[in-house]
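*Asks:* In the numbering used here, the protein residues as written are 11 to 366.
Because the hints were derived from the structure by calculation, they are not lab data. Since this is a predicted model, take the numbers as computed values, not measurements. Glycine residues also receive a C-beta, built at the ideal position from the N, C-alpha and C atoms. Certain hints may be false.
Below 27 Å or equal to it, Euclidean Cα-Cα: the simulated BS3-like pairs (lysine-lysine) are [stated by the list, open to error]:
1) K359 <-> K312
2) K282 <-> K305
3) K220 <-> K282
4) K348 <-> K156
Pair ranges (Cβ atoms, derived) [stated by the list, open to error]:
5) N98 <-> D191: 22 to 30 Å
6) D43 <-> E66: 28 to 36 Å
7) G161 <-> R308: 21 to 29 Å
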Amino acid sequence: MRSFVLLAVLLCQSWMLFGQDDYTYISDRRFPDPSDLIGYNFVPSSMEIPNEMEAELDPGEYSFGISRNNLYVAGGEIKGVYNVNNINPTEYGYILRLINARNPTLQGHLKVILTPQAQVEALVFRRSRNDQEIIFFQTEADKELKEEEAGYFTDRWEVPLESPDSLWGMVVYPFLRIHEDVSGEQERLQMEDSTSIQFVETIRVIEKVKKKRKKKKKKKKEKMENIELGITEEEAEEPAAEALAEESEAPLLDSLGQPIDSSRQDVRIKTKIVKEYFIEIRSILTYDDDTQEDKEWRFPIKKIVEREDEEASGNAERYQLEIATEKGGIVYLYLTPKRTVSSIEVMGKRYLMQGF
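Required output: the full structure, derived from the provided sequences and hints.
*Replies:* Right, dumping it as structure tokens:
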């Protein structure tokens, strides 16, 4: 029992650290399905106990992190880990039925209040049947921040991809990062994180200078009067002289681009063009001790296969590009019905574009 409580406390602390420096905004993302809540950490900007009190909150003063089995609450007397029995749709959004992990007699709920656009505007928390409901409100991002972020982050309807060949040179700046390789936390990215995903084509020209093989000539009987010139009368004929002049007008070049001596007709240059394709990922990571690290990953791309989900409806992701890489595993790039970039899965992370 003691080990379970310790684990619960550690998990709760990890959720409190997650995103505590900033509010989460109503417009950050939509939740059209209950499963979209899993991994998200809500950081409200104000709270209210009806007919009793209202208060503005500092970023991270209260937070609500939802996993598949638990709700992690940080702040005040309601802090703790609550088991999620189920999540059900309602006329106002969703309701999570809860049991306190440390005290099973405390059974409550978390109501998730949605806007008509399926965005979360408020959370209503009740720790037990004997406690009052507390309303936590999310704030809307101000106009200046919205305009600044709209100019930086890639919108899911912004970057078209007509075919896999259109990938090269494309760069996107995702808005959300889902840590599917850990516990599914949804991380709201900031502009200062400098997170980007780029598809690169490189072209190399390789030149090799090779000596021509000399053909063996049959010995001819030389005429005595031309021995001092070293040629025969047949070699001095006009057509042969014209051919030599044409060759000298287009001199060969060496690997450094310098002309090869025109008298050296025993060499030739072989040119080879090599095209290589890469995916490059960059992100500035911030750790718990506030230290930062600018990380970059680069993986060669070997193969791309495109698929279409003909059953996808509405604005759901319809196209998938399966990209095989060396050492980076399989990368999945998903497109909207309009063939614009919607999300990318790479290295156990799923990156969502803004407007998801």
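*Asks:* Would you pick out the hints that fail for this structure and give their numbers low to high?
*Replies:* Of the numbered hints, just 2 does not hold.
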